Amino acid sequence: MKDGIMLRDPTAETSSALRDRVPPFDTLEDRTVALMDIGKMRGDEFIDRLEQLCSERGISTRRYKKPTNTRVAPREMINDIADNCQAVIIALSDCGSCTSCSTHDLNDLDKKGLAGVSVLTTEFEQAFESQKSSIGLDAASVYVEHPLQNKTTEELHRSAESAFDDILRAISIEVPSLHTSKAA
Amino acid sequence: MSTSAEPGDSFVAFVKQGCETCQMLDDVLGRIAGQYPITVYTQDDPSFPTSVSAIDDTSLEKSFSFDVEAVPTLVRVKNGREVSRTFGWHRDDWQAMTGLGDLGSNLPLMRPGCGSKSREPGVYDALRAKYGKLDFKSRPIVLGEWDDEFEATYDRGWSDGLPVVPPTDTRILRMLDGTSRRSDEIIGNVPPNLAPITVEKIAINAVMAGCRPEYMPVILTALEAALDPLFTMHGLLCTTCFSGPIIVVNGPIAREIGMNSGINCLGQGNRANATIGRAVQLIIRNVGGGRPGELDRAVLGGPGKYTFCFAEDESDPTWQTLASSRGIDPGKNAVTLFQGDGIQGFLDQRSRTPEELTKSLAMSLLAVGHYKLCEFTNAMLVLVPEHYGIFRDAGWDRDRITSELHKAMVRPGKDVIQGAHGVGEGIAVGRRDEMVNKFWPEGLLIVQAGGKAGLFSAICAGWTGGRFREESKPVTKEIVL
Numbered sequence: 001m002k003d004g005i006m007l008r009d010p011t012a013e014t015s016s017a018l019r020d021r022v023p024p025f026d027t028l029e030d031r032t033v034a035l036m037d038i039g040k041m042r043g044d045e046f047i048d049r050l051e052q053l054c055s056e057r058g059i060s061t062r063r064y065k066k067p068t069n070t071r072v073a074p075r076e077m078i079n080d081i082a083d084n085c086q087a088v089i090i091a092l093s094d095c096g097s098c099t100s101c102s103t104h105d106l107n108d109l110d111k112k113g114l115a116g117v118s119v120l121t122t123e124f125e126q127a128f129e130s131q132k133s134s135i136g137l138d139a140a141s142v143y144v145e146h147p148l149q150n151k152t153t154e155e156l157h158r159s160a161e162s163a164f165d166d167i168l169r170a171i172s173i174e175v176p177s178l179h180t181s182k183a184a
Numbered sequence: 185m186s187t188s189a190e191p192g193d194s195f196v197a198f199v200k201q202g203c204e205t206c207q208m209l210d211d212v213l214g215r216i217a218g219q220y221p222i223t224v225y226t227q228d229d230p231s232f233p234t235s236v237s238a239i240d241d242t243s244l245e246k247s248f249s250f251d252v253e254a255v256p257t258l259v260r261v262k263n264g265r266e267v268s269r270t271f272g273w274h275r276d277d278w279q280a281m282t283g284l285g286d287l288g289s290n291l292p293l294m295r296p297g298c299g300s301k302s303r304e305p306g307v308y309d310a311l312r313a314k315y316g317k318l319d320f321k322s323r324p325i326v327l328g329e330w331d332d333e334f335e336a337t338y339d340r341g342w343s344d345g346l347p348v349v350p351p352t353d354t355r356i357l358r359m360l361d362g363t364s365r366r367s368d369e370i371i372g373n374v375p376p377n378l379a380p381i382t383v384e385k386i387a388i389n390a391v392m393a394g395c396r397p398e399y400m401p402v403i404l405t406a407l408e409a410a411l412d413p414l415f416t417m418h419g420l421l422c423t424t425c426f427s428g429p430i431i432v433v434n435g436p437i438a439r440e441i442g443m444n445s446g447i448n449c450l451g452q453g454n455r456a457n458a459t460i461g462r463a464v465q466l467i468i469r470n471v472g473g474g475r476p477g478e479l480d481r482a483v484l485g486g487p488g489k490y491t492f493c494f495a496e497d498e499s500d501p502t503w504q505t506l507a508s509s510r511g512i513d514p515g516k517n518a519v520t521l522f523q524g525d526g527i528q529g530f531l532d533q534r535s536r537t538p539e540e541l542t543k544s545l546a547m548s549l550l551a552v553g554h555y556k557l558c559e560f561t562n563a564m565l566v567l568v569p570e571h572y573g574i575f576r577d578a579g580w581d582r583d584r585i586t587s588e589l590h591k592a593m594v595r596p597g598k599d600v601i602q603g604a605h606g607v608g609e610g611i612a613v614g615r616r617d618e619m620v621n622k623f624w625p626e627g628l629l630i631v632q633a634g635g636k637a638g639l640f641s642a643i644c645a646g647w648t649g650g651r652f653r654e655e656s657k658p659v660t661k662e663i664v665l
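Those protein sequences? They're chains A and B, same order as listed.
The first sequence begins at 1 in our numbering and counts up one residue at a time.
The second sequence begins at 185 in our numbering and counts up one residue at a time.
Next up, chain B with everything else stripped away, as it sits in the complex (with noise of 0.2 Å):
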């Protein structure tokens, strides 16, 4: 505490009605007034204090820009700086601060104040955005008086369809909390008008989406993924085919944010599976341009293409991760992004055998794209725990999983070459004496996830730019808190 007030100094007190003990002080504040010019400032009620008149400051502009935290604060002020402090009813501290020795004399030794109406939840963001110092480099866009932010966004082409956040400063600022990146800092450029993007892009568009602000590290991650080369971002969006990128989560980050990847993970119902994916989709339409009819030229397109994202159940010890899988330490946090379409179920509750399920799965896989063609497609082979189980009882790792059902796959050319069977469509004609795989080697992504009953496993076919097998490949990246 400094030495206490001397002539020319001046008090600033910030209080609050609803506060007992800015109620117990009234007469402390008159007493102050009484000896030094003090201002008021009342965070509730514009007739309280008694003893002194107040400043209404219901609008909080003050008690945001002095930063207060709580009630009653008590401001020493010597030529028009601050030079001490003290909240909450401490005898000592006021009589010292205020060198009147005998203030409050009559009240307790201490009572503790109450939160300040700036610092309750929401409503300092909002302050921050209506009286802090903003650096948002994005255009302000400002609406009518009695214009429907809904409407508007969607006027401007912002929405995939459905209806977005309105993204405004407040909302823009708690999205950025998330990360401890810089908002001016550039992640890439995003096709198809590859222009560059900054993380105060990335957070606009993830409130848009609907995300939390814990969700930006999993979304800035998923953006880097997309954005690198080998995933072919560019060629994903204009394609004529379905697919669009498939999010998977690996990672604490994924319970920790409250991610599905039990009953109905693939659907609806989680917000951090629907917006996390929906925000990497919005960015791609209104930073990159992709938007449908224009350069996004899907013939069908996919409902994936809103979001597709979900994290993979990682409770069974028995079961390797994906990422880990694709080079993640275990336990790290890392996204892994595939380019795919909608899922095709898989059903098969007779099968009781490792061997059993391995033909069978494998039915169905070269189903993907075509029966016919191969090395044509990737795939994304999405096992629920019950089918998983056959496997693992039989001591079948992933590993086991992956080779057993490349070898299923594998067919003598001459049934799939371009006319056999009397179909037109299938490989080149001269490959009719090799035996021919349905995959690349590393071209099949199993992830484990879903409820623990139902034996209705997932294929999600992958896009058909998967064929140029050096070009094009799904990517993995850790997510770096």
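Just chain A, same shape as in the assembly (with noise of 0.2 Å):
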């Protein structure tokens, strides 16, 4: 992403640029999770692991799939996912537009107040750190191995759960496991 226009911090300065993200919660335990598909062919296997993932950990999960990765989720679904949930798993970013679009999505459901993590692949590291910095928001990501395309779904299945407790970190204090979890 190239830079665009400069500004001066007009704030005493006494803490970060970015805009701190809502924090995770204490616990899943009675709230609900968006798994936010962006659109780019192959997450939907990613997020179907992770679907069964919660699943068995008793988390309560909400799906969604964005009509495309190069736009901005449509503000119904923004809308539809803050009424209706409390944490937000947005996969899987393996490209810039989908990368900047995401981050986006991301901070529109931050401002709703809900804690959020992106999973990206490995190679849009930077390009997700320039994006949280143009946008000012420390938000959470999770990298798994680039590329995604050529894998199978049993490799993509495996990059899930191996991500997996990373991901829910991001939005759970407490991490639950297949012996504490409702389901177990």
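Derived from the structure by calculation, the hints contain no laboratory data.
These numbers come from a predicted model, not from an experiment.
Treat the hints with care, since some could be wrong.
Dumping the calculated DSSO-like pairs for lysine-lysine here, alpha-carbon to alpha-carbon at most 30 Å [what the hints assert, rightly or not]: (1) B:262 to B:314; (2) A:2 to B:321; (3) B:314 to A:132; (4) A:132 to A:112; (5) A:111 to A:132; (6) B:262 to B:321; (7) B:321 to B:516; (8) A:112 to A:151; (9) A:2 to A:111; (10) B:246 to A:2; (11) B:262 to B:246; (12) B:598 to B:543; (13) B:598 to A:132; (14) B:246 to B:321; (15) A:2 to B:636; (16) A:132 to A:65; (17) B:636 to B:543; (18) A:2 to B:543.
Hints are included, so try docking the two chains, each in its own frame, into the full complex.
This is how it looks when you write it as structure tokens:
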């Protein structure tokens, strides 16, 4: 992402230039997590596995899918998520436009009070950091191995499994295990 | 003019195609190029001049770095240093500088040039920001190429809810031109976080508020008044009450910067009124950290917390101005900050004598805060010209009006003690047998302002902090230019 206009900070600069994000909840019990599929190919397979893992640990989820990864989410979808969920996992960004758009979605939902995290591939860590800084939100992210488009479904599921605890930790201090969950 | 060029010297010229004198010198530049190394920078059309190849300076970077004020400009360089320059066409100068005795001999003796594009209005500030040496201490915030700068200011929490002007280096530089004070000078500590504030930070917030550079002296003084411990800005900001600083400007500066003291002066529509008050509030928010819902705990707040700033009408010589009544020499510039709420209208179209009007005003003033509370808040009365005219025509001046109003508001304690007349609110029961003033003797500020027609004055209730008579007071400060 290229740099644009430069402004000067009008604040006392006693805190980060980035706005604090909505902090993780103590627990996800009695809360609903939105699983937002950004609409990029193969992301649904990754999210399928996240959904299963949540279900196995007794975490309530609602599934959403953006019409396209190349635009920000429709207003109605953002409002629906904000009305029905308290946290959001946005996945899976593996390109420039989806990284940018999904970070804006994360920002919109943060401003509506949702704890959120974006899942991206390692190749887009710098792009996410750059977008974070231009939006001004200290947003949370978890990275999985790039590339993903040539992976098998099994490989994508394994990727979801290994990232799962990190993803949960971004939205909840308590990370339920299979043994302690309601479903267990 | 120094001695003429010698071997090893070189020349730099600045031209623009849009300048007739530059066009006239096309061949002259070619002639110089035949004798000396010359670098020609063109400000508008890279194909001009035709006699010598020119370097495109449409960015104006070189014109700025050579501090070119007019075109054509010819600079002679020796050993990498400028030794002389001339601008416009003065044949003798050009011949002397180049040592070419017949240079432009077919041309008129003199032709003025044109202004350099780098000096056009607004351009020079932008060039200073882009190519000049900046010493800003504030953190740069770089947005993405496609980001909307207005949305970015909202996202960062810098706005009071209305759009702010994005604080770019060019705009900040321009704003700092409005004051002779150093940009790194610390003005004070801004509550509630008691963060030190520099002139630079004030300029940044003034840009965002929409101020013009010439407002800076007023903003700086208003802020100094707000930071005077006697003004208790800390408590005023954090209070659960409605109040905020009301800024009244006196002196010629109010007229010079176009402030409104007349029709609708407490309302919208005047840039200086609107943005000076807003700048102070943005500083409290951004530098002090006073954000609603966090440390600003106003249960309702009020529209005056966006901005509440106006000038006093000083056109009637019989009226002693607010600043003058508070110790500022007449004719000086000053700001007065009053801790106050929004306005309560005072409607009286029937009173014809000063006595009638005094009683009538007293009735409305008694309602400030609560009808039964006394010496609990101050108040500001904004007296419109038609109401003042009733006093003036009877020979009443500010002092007389003030003292008569105070007298008209003295009541028996038994009527305003807690529980009296079936109302729990009121003054302490122990004051039952006293005669009680509504306000402290110095607690009623009167300002004259407003349109010439309309018998509608305004009362601004003061903040409850005013009950601590010696601890919290309005503050007046002279504006030092």
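To see whether the hints hold, each was checked on the structure:
Only pairs whose Cα atoms come within 30 Å are accepted, and residue 262 of chain B paired with residue 314 of chain B is accepted, the gap being roughly 28 Å. With a C-alpha separation of about 24 Å, the suggested pair residue 2 of chain A and residue 321 of chain B falls inside the 30 Å cut-off, and the hint holds. Only pairs whose Cα atoms come within 30 Å are accepted, and residue 314 of chain B paired with residue 132 of chain A is accepted, the gap being roughly 25 Å. Proximity of residue 132 of chain A to residue 112 of chain A is assessed by CA-CA distance (about 17 Å); at most 30 Å being required, the pair is judged to hold.
For the suggested pair residue 111 of chain A and residue 132 of chain A, the alpha carbons sit about 14 Å apart, so the restraint of at most 30 Å is met. At roughly 37 Å between alpha-carbon atoms, residue 262 of chain B and residue 321 of chain B are farther apart than 30 Å, so this suggested pair is violated. At roughly 33 Å between alpha-carbon atoms, residue 321 of chain B and residue 516 of chain B are farther apart than 30 Å, so this suggested pair is violated. The straight-line distance between the Cα atoms of residue 112 of chain A and residue 151 of chain A is roughly 35 Å, outside the 30 Å bound, and the hint therefore fails.
For the suggested pair residue 2 of chain A and residue 111 of chain A, the alpha carbons sit about 25 Å apart, so the restraint of at most 30 Å is met. At most 30 Å may separate the alpha-carbon atoms for a hinted pair to count; residue 246 of chain B and residue 2 of chain A meet this at roughly 26 Å. The straight-line distance between the Cα atoms of residue 262 of chain B and residue 246 of chain B is roughly 18 Å, inside the 30 Å bound, and the hint therefore holds. Distance restraint check for residue 598 of chain B and residue 543 of chain B: the Cα-Cα separation of roughly 20 Å lies within the 30 Å cut-off, and the hinted pair is therefore satisfied.
In summary, the hint linking residue 598 of chain B to residue 132 of chain A is not supported, as the alpha carbons are separated by about 64 Å, beyond the 30 Å threshold. At roughly 26 Å between alpha-carbon atoms, residue 246 of chain B and residue 321 of chain B fall within 30 Å of each other, so this suggested pair holds. A distance of roughly 56 Å separates the Cα atoms of residue 2 of chain A and residue 636 of chain B; the hinted pair therefore is violated under the 30 Å criterion. The suggested pairing of residue 132 of chain A with residue 65 of chain A holds, with an alpha-carbon distance near 22 Å, which does not exceed 30 Å.
Under the criterion of a C-alpha separation no larger than 30 Å, the hint pairing residue 636 of chain B with residue 543 of chain B is consistent with the structure, at around 23 Å. With a C-alpha separation of about 69 Å, the suggested pair residue 2 of chain A and residue 543 of chain B falls outside the 30 Å cut-off, and the hint is violated.
When the structure is compared with the earlier hints, violations turn up for hints 6, 7, 8, 13, 15, 18 and for no others.
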